[in-house]
Structure formats: C-alpha cells, structure tokens
Amino acid sequence: PKRDELEAAFEYIEKETRIRDVLISGGDPLLLSNRRLDQVLGRLRRIEHVDIIRIGSRVPVVLPMRIDDELCEMLAAHHPVFVNTHFNHPVELTEDSRRACERLVDHGIPVGNQAVLLRGINSSVPCLRELMRGLIRSRVRPYYLFQGDTVMGTDHLRTSVDSAIELYDGLRGWMSGMAMPQLVIDAPGGGGKIPIGPQYLLSMDDEQVRLRNYRGLEVSYPQPLEKDPTVSYDQVYFAGREPDDDREGGV
122 PKRDELEAAF
132 EYIEKETRIR
142 DVLISGGDPL
152 LLSNRRLDQV
162 LGRLRRIEHV
172 DIIRIGSRVP
182 VVLPMRIDDE
192 LCEMLAAHHP
202 VFVNTHFNHP
212 VELTEDSRRA
222 CERLVDHGIP
232 VGNQAVLLRG
242 INSSVPCLRE
252 LMRGLIRSRV
262 RPYYLFQGDT
272 VMGTDHLRTS
282 VDSAIELYDG
292 LRGWMSGMAM
302 PQLVIDAPGG
312 GGKIPIGPQY
322 LLSMDDEQVR
332 LRNYRGLEVS
342 YPQPLEKDPT
352 VSYDQVYFAG
362 REPDDDREGG
372 V
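All letters in the sequence shown, in the order written, are residues 122 to 372 by the numbering used here.
No lab work stands behind these hints: they were computed from the structure.
Predicted, not measured: the structure shown is a model, and the values here were computed from it.
Do not take every clue at face value.
[Claimed, not checked] Calculated cross-link-like contacts (lysine to aspartate or glutamate; reagent style DMTMM-like; alpha-carbon spacing at most 20 Å):
id	residue 1	residue 2
1	Lys314	Asp367
2	Lys314	Asp283
3	Lys136	Glu126
4	Lys348	Asp327
5	Lys348	Asp326
6	Lys136	Asp125
7	Lys123	Asp149
8	Lys314	Asp142
9	Lys136	Asp366
10	Lys136	Asp367
11	Lys136	Asp365
[Claimed, not checked] Label pairs and their calculated CB-CB ranges:
id	residue 1	residue 2	range
12	Leu338	Leu127	52 to 62 Å
13	Pro350	Ser281	30 to 40 Å
14	Asp349	Asp189	48 to 58 Å
15	Leu278	Gly311	16 to 26 Å
16	Ala308	Glu128	30 to 40 Å
17	Asp307	Ile173	12 to 22 Å
18	Asp142	Phe359	16 to 26 Å
19	Glu132	Leu338	53 to 63 Å
Every residue gets a Cβ at the ideal spot worked out from N, C-alpha and C, and that includes glycine.
Taking the hints into account, I'd like the entire structure generated from these sequences.
Below is the structure:
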C-alpha cells in the first residue's frame, strides 16, 4: 500500500478505540524491508489502545533465511508482537524452518500456526498428529486448523465437514492439550471463525452432565448445588471502567 493509504488506516485505528488487536497480513509483511516494517510497527505502537500486533506470514516456512537476528531484534522493539505462520504438512518442518521459528521465540516473539485441512495432502490422523507434535517441538503453538475456504478452483482440496470432525476426534486426548489447535470454519461473507468439533456433551440437566471422553467412555459429572456464577468483586475491580463496546462496524 502507498503511504497515504497506510496513514488512512492508522487514522481509522486511532479513531476506533475499540480496536485492541491489529493483524498485519498480506501479501506477506515479512517480505517488506526491515526499515519499512519498522515504520509500520512503530506507527501502530504509538496508538495507545492497540494492545497487541499480530503478523501473518508464511516466510518462516518458505523463506526461513529471512528470519535473521536483525529482523527479530527490530520486531522485539515493538512488543507485544505475535507471529502466526502456516505449516500445513510435517515435511515443511525443515531444519531451517524450525531454526527460524526458534529464533523468533528466542527474541520473545510467540509463534502460532494456522494450518488448513487439505484433502489428500494432510487429511489423515497420523499426518496431523505428526504436524502438531513437530510444531510443539519447534516451540510453535498450534492455533487454528481451518476447514478449507470456498475459493474457486480449490474445491478438490476441501475435506467434508464430517471428515474434518472425525479427523479432529483422532487428535484430542491422544496428544498433549498444548498441541491442539481449534478446528474452525472461516464463515463465508465475513461471518467470522466458527469452532466445530466432536460432541463430548451427551446430556445435561440440573443434577448431572453426561459426557464421553476421547476413548468413548461415558462418564457422569455432578452439577453444583449453588449455580449463580456472579463475581461480586467485579463491582470493585471494574469500577469506573467503560464496558467493552461490542458493536460491529462503524460508529
């Protein structure tokens, strides 16, 4: 984008004080020069209500040599900064890519992964388990596992939703919870990310909840006698604070 286009975006973020989280995506922002990216991050960091800055990039996967100490030191100057990358198959976890992710983490930059379910490529339980375990070993936190978007020309790569849920059922409980991403559909038309997954809740009433675990074992969990979840101290702790503005769109 041109400088005036970027400045217009910065001015919008400054005006909308509800915005606390800014995602820089692409294209790929890590293909910008260090100087240019430093300017963008610095401008965002001067906006007081922006809590965190996220960078979406596939550079750690496909161009890991770009993740050098100079880049990491520049990013670290604008903390809190998070990087989300896109490993889709364990074969992509090369020694160079793992080293790039570890270098980011060594500079205090948390790295998450957003994988896409790809039919016939990673749509098997062994493949997904190996990917998630490999990410954790590389100090990358699995974040999302996406059902494929409805993009023209890619329908042959999409798994069915029931297949996706069945695959996900082969992950939870069989791996560390730290290795579990959220299985989501990025709803068409800007509907946001909607979590989907296996049904572990079988029934529920005022006295007990019936559940199944990852092995299919049914268990009963008693409901508490007292059910009011009100936190009385909230009135003190949040005194004088404006409630979150949950409206969407412009105001």
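Each hint, compared with the structure:
no.	hint	result
1	Lys314 to Asp367	holds (16 Å)
2	Lys314 to Asp283	holds (17 Å)
3	Lys136 to Glu126	holds (16 Å)
4	Lys348 to Asp327	holds (9 Å)
5	Lys348 to Asp326	holds (12 Å)
6	Lys136 to Asp125	holds (16 Å)
7	Lys123 to Asp149	holds (15 Å)
8	Lys314 to Asp142	holds (16 Å)
9	Lys136 to Asp366	holds (14 Å)
10	Lys136 to Asp367	holds (16 Å)
11	Lys136 to Asp365	holds (16 Å)
12	Leu338 to Leu127: 52 to 62 Å	holds (55 Å)
13	Pro350 to Ser281: 30 to 40 Å	holds (37 Å)
14	Asp349 to Asp189: 48 to 58 Å	holds (55 Å)
15	Leu278 to Gly311: 16 to 26 Å	holds (22 Å)
16	Ala308 to Glu128: 30 to 40 Å	holds (31 Å)
17	Asp307 to Ile173: 12 to 22 Å	holds (20 Å)
18	Asp142 to Phe359: 16 to 26 Å	holds (20 Å)
19	Glu132 to Leu338: 53 to 63 Å	holds (56 Å)
The earlier numbered hints are all upheld by this structure, with none contradicted.
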